[in-house]
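Protein sequence lines correspond, in order, to chains F and G. For the first sequence, position 245 matches number 245 in our numbering, and the numbering has no gaps at all. For the second sequence, position 285 matches number 285 in our numbering, and the numbering has no gaps at all.
No lab work stands behind these hints: they were computed from the structure. In this text, all values refer to a predicted model and were calculated from it rather than measured experimentally. Treat the hints with caution; some may be incorrect.
What the hints assert, rightly or not - Okay, the calculated beta carbon distance ranges per label pair:
#	chain 1	residue 1	chain 2	residue 2	range
1	F	G273	G	D145	43 to 49 Å
2	F	E68	G	A162	35 to 41 Å
3	G	W35	F	Q83	39 to 45 Å
4	F	S150	G	S166	47 to 53 Å
5	G	L116	F	R7	26 to 32 Å
6	F	D143	G	A53	55 to 61 Å
7	G	G192	F	G273	32 to 38 Å
8	G	K195	F	Q74	42 to 48 Å
9	G	Q39	F	V19	55 to 61 Å
Ideal placement from N, C-alpha and C gives every residue a C-beta, glycine not left out.
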Amino acid sequence: MPLLDVRNLTTSFHLRSGVVRAAQNISLQLDRGETLGIVGESGSGKSVTCYSIMRLIPQPPGRIESGEVLFDGQDLLQVSEAQMRDIRGTKISMIFQDPMTSLNPYLRISTQMIEAIRVHEKMDEKQALSKAITALEEVGIPDAASRVRSYPHEFSGGMRQRVMIAIALINDPDLLIADEPTTALDVTVQAQVLDIIKERQQRLGTAVILVTHDLGVVAGTCDKVQVMYAGQVVESGAVDQIFYEPQHAYTQSLQKAIPSLGEKNEALYTITGTPPDLAKPISGCAFYPRCPYPKIKGEEGDPPQLVERADGHCVRECGHCDRSKPIESVLAQEVTEAAE
Amino acid sequence: MSRSADIVAGAEQRLAAAPVPEEFEKGTSLWEDAWHRLQRNRLAMISLFVFSAIVLFCVIGPFLSPYDAEAQDLLKGAQGPSAEHWFGTDTLGRDLMVRTMEGGRISLLVGLIATLVALAIGVVYGATAGYLGGKVDATMMRIVDTLYALPFTIFVILLMVAFGRSLWLIFVAIGAVEWLSMARIVRAGVIGLKKQEFVEAAVSLGYSHTRIIVRHLIPNVLGPVIVIATLTVPAVMLLEAFLSFLGLGVQPPNASWGVLINEGQQNMEIFPWLLMFPAFFFALTLFTLNFLGDGLRDALDPKSAKD
């Protein structure tokens, strides 16, 4: 049994302007010790999926319409709010994008860490404090015994993110959800933060869901990848499958949009257009208007289904485009056409 | 699937105690920190000293004075300050110093208690409404709007008719009116704060709503609330004076600063000291509370620490 088994999770937001289907039919599995990367551009439903797993979707306007979130065999969508509170922080923890605002500015780090421990575990203050100091040392805060007394504003962004990781991991959760944990940090600090997560994962067997739009981060840290577009999973599989044999036009285009060190004096490929408005129903393939492949059918039609192949590689296949040529030649042709 | 043995060993190793520095023996609560920071603010400390002196003067003063606040001596009516009567006497020959002290007791009591009542109700109510949002918030704030629309005087008269006159009713009446604006300010602050990630982080750590409101949101809005509270104290004292003027507040022969100032301003061209002394104490209290509130706001904000 996988640690986390999400089946057909659908979350939407009921706004005055209409129903926004932010995450549709999401399924994912995660074992202990594994890392799942969720990639996609802004608004593709990455964060909504994670928030739904932790039941942090503000309701209303949000609503988890259907699906199951089986964590250790227990459906998190069915447990009471009080049970959910016991699970949050002890079994599943989360770290957020912006380390500058994710600590309470009015409380010392020590106070916040001791609180995180004592909410879930009976422990006297001194013991909890010593546990907090150990946790800070583990995430590489120098001089933790005195820095624990600091306020959040006395730390830099990278240090604050480490403190957040220390707090999120302090009760040894089985699953850590990291929602773009490195987006707000500079590149060297990014690497350090990812190393800390990785090291903890190897030592304690924590499963990690890493939400990001940085494919480089995914390649370096994840075992499995899920590519999301317009609230749907368009492709999922092992990290090598996604990077070396991308099947979906969106995944292929994304990879073409990464600057590489070898190529010189070439304009970087960008995916034209904007993602579809999720408040409007999408009839066919969500990526159709932006797809670089030659179109052979109109936009209308049955939405393409996610098909699992023998090797576990899932792709949402559509029959709207001519896929006979590889994406390189399609893009090259596009460039020459534009030049003419 | 279970964790492997070395993982368990790793977890056990983590529980090995880290040394706790000695300085942790002393408390590090929000309020103790704020007090340390306040001590570095000279103006606030002077204000605290002066305010305490005024309170002591009003509370202990009457016991030390040879005069009784209600004892009239018509032969010595309306005399200016002298060695015998330091603040002079009023038109009925009562010693103005004792009357200022006794008036101060009532004014300070009304001011502080009504403000505390307003603070307690307003902060809890506003924070709850702001945090829960949606329909709960809308309902709670419409109740506030309705109460705002109720004319204050009629409300007080109704209370007096229903429960009879007493000082406690003044606290209730003023507190019931003043908490409304407090609730609005706190609600606005909380709405701004709850979008910050630390609130989300607190939910994701499994904290209850009550814990988040009390431990994480209210301390963050205390700064502006303290300033409003110190401005509320003089406002409440003025309201009490207004009620007394209508005959609904403090009843003669008892007096408050508001009553004394009101009496004094009727005679201020002939006997200016009758206005000067109570007004001086009233103004001084107002000043010190404002400075103190300002200092407290800075002291409560950890970012203002200059060390």
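Which of the listed hints are broken here? 2, 5, 6, 8
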